[in-house]
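Colleague: One letter stands for each residue in the lines below.
Number of protein chains: 2
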Amino acid sequence: MTRYAAIEAGGTKFRVAVAEDREVVADTTIPTTTPDETLGATIDFIMANGPVAAAGIACFGPLDLAPSSPNYGAVTATPKPYWGEARVLDRIREALGVPTAIDVDVGGAALGEWTWGAARGLSSFIYLTIGTGIGGGVFIDGKVHHGMGHPEMGHITVERAPGDAFPGRCPFHGACLEGMASGPAIEDRWGLPGNELADRDEVWDLEATYLAQALRSYTYVVAPERIILGGGVLQRPGLLELVRQKLSEQLAGYATSSIRDGNLDAYVVGPRFGQDAGLVGAIALAMDAS
Amino acid sequence: MTRYAAIEAGGTKFRVAVAEDREVVADTTIPTTTPDETLGATIDFIMANGPVAAAGIACFGPLDLAPSSPNYGAVTATPKPYWGEARVLDRIREALGVPTAIDVDVGGAALGEWTWGAARGLSSFIYLTIGTGIGGGVFIDGKVHHGMGHPEMGHITVERAPGDAFPGRCPFHGACLEGMASGPAIEDRWGLPGNELADRDEVWDLEATYLAQALRSYTYVVAPERIILGGGVLQRPGLLELVRQKLSEQLAGYATSSIRDGNLDAYVVGPRFGQDAGLVGAIALAMDAS
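Respectively, the protein sequence lines represent chains A and B. Counted the way the working numbering counts, the first sequence spans residues 57 to 346. Counted the way the working numbering counts, the second sequence spans residues 57 to 346.
Be careful, since some hints might not be right.
[Claimed, not checked] Selected chain A positions facing chain B (Cβ under 7 Å, derived; list incomplete): (1) 152; (2) 153; (3) 155; (4) 209; (5) 212; (6) 228; (7) 269; (8) 301; (9) 305; (10) 310.
Everything labelled a hint here was simulated from the structure, so no lab data went into it. For glycine and all other residues, C-beta sits at the position ideal for the given N, C-alpha and C.
Same shape as in the complex, but just chain A (with noise of 0.2 Å):
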């Protein structure tokens, strides 16, 4: 059995474990304040429960994932207070002395779908995760695929839906998706917090618009074979469902061939590990690290 550090960093907080190959056999939470308490904090707990092989790191964005950057690993341009340019993947690794592998949250989520989940044995897929923000993992040939940094699959553009007056709430681009289907986004256009939404129709009718043409737009562009959706929103009973629905409407048939027949079941589809992707993630990556 080789011991592993898994480190899921959050915006609010870090969740830590260290797992004898899949299994977790110790964890635990702690708030994200600043990175030296923070990531003090962390290193202490893995020290304490070591000595691990690697360590893996599933980390909120954006993050300096160019190669050839002296910054790789480390946070960019933040509003998070204390973290704009703190190396986190430097801290770790310097500290523990073992190989640590870094990705953004939802690339570690994807690579941990891949590796014993939803998307296991595929050569390409997208994980995608709808809560308080809306991001994304492209899967490639066995890794997260990363252009000259990651993906921000949020902020795509959309079109907007009749009738549809809400003007987006992305600081950057007003109504790209995240703008308008977010959990806050939904939350400001109808007032009041989704959870408190699930009996209006209208309004998961309109979510699922908004998701469906984005996964249109996604694909059109990568021809990926799955589509993962998690995060908070779609803990809607039925959403997926209706996602799937609308997304066959809009391909109107024009798509290659394993979803040409509509019959998208098995090409959108929930993850495995919902709460705990972000962990199982890291644990994966920490593999890959060794």
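With chain A fixed as given, assemble chain B onto it according to the hints.
Modeller: Just chain B, lined up with the frame of chain A:
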């Protein structure tokens, strides 16, 4: 010197060449009639100028490019008479008896630009052509990306510009990118072909708006190192620069590091091989196959 056969299989004509390394030593043009006639004449020309070590085909789509498909390399559903199900790859390969590679025209063009043109040395880029239709190739880690087929990048979602009442002319999606911004869409919207609208600034302002929307989505999904814009519509002087400017506005500073400063001169560029992109790509495909 090695001889290669290169076939640019277009919807109205085939351009067929025999090249010594990259140098075309014999070439001809054959009208696209029936598969028997056109592929027969293609094979005859190559055999009269051979022998060749390998052949490459940059073909109009849609093609079946699923590696495991029994119809790999065949045309799939097409409105073009006679060509539905035409086994282009098999017929060329069997007649010539040499290794033969096929890709969609934009995939071939992308490979050509990577091998000798505007994308040399890059690990990820997008090639987009805007003409009678809008199509694109995504190039990642040394090869043209195919997921469960080939991308259909022209069919992504765009947001209708204020005041634009044109319904869109895509037979599948109406107002998708291709439906709003292809050459025929320009002609339908304004009542004149693009080359007679060169002085109408509002035409190109609107065109650049839609293209920039699409490039924003591509940027956020793929995070490519570069986007090459080719095709007849881009012949209009100043359009490329206008697309850069509008893309910079639409990204609104939210982008990966290499374009965060807002200077997109090296990010959005023209192709090296304009009208010859398909044929050059077919030569590159042949070299890859041999």
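Colleague: Please go over all the hints and tell whether each is borne out by the structure.
Modeller: Going through the hints against the structure:
1. 152: Violated - the Cβ of residue 152 of chain A stays beyond 7 Å from chain B, reaching only about 27 Å at its closest.
2. 153: violated, 29 Å
3. 155: violated, 22 Å
4. 209: Nearest chain B Cβ about 6 Å off; hint holds.
5. 212: holds, 4 Å
6. 228: holds, 4 Å
7. 269: holds, 5 Å
8. 301: This interface hint is violated because 17 Å lies over the 7 Å limit.
9. 305: At 10 Å from the nearest chain B Cβ, residue 305 of chain A fails the 7 Å test, so the hint is violated.
10. 310: This interface hint holds because 4 Å falls under the 7 Å limit.
In summary, the structure is inconsistent with hints 1, 2, 3, 8, 9 from the numbered list given earlier, while agreeing with the others.
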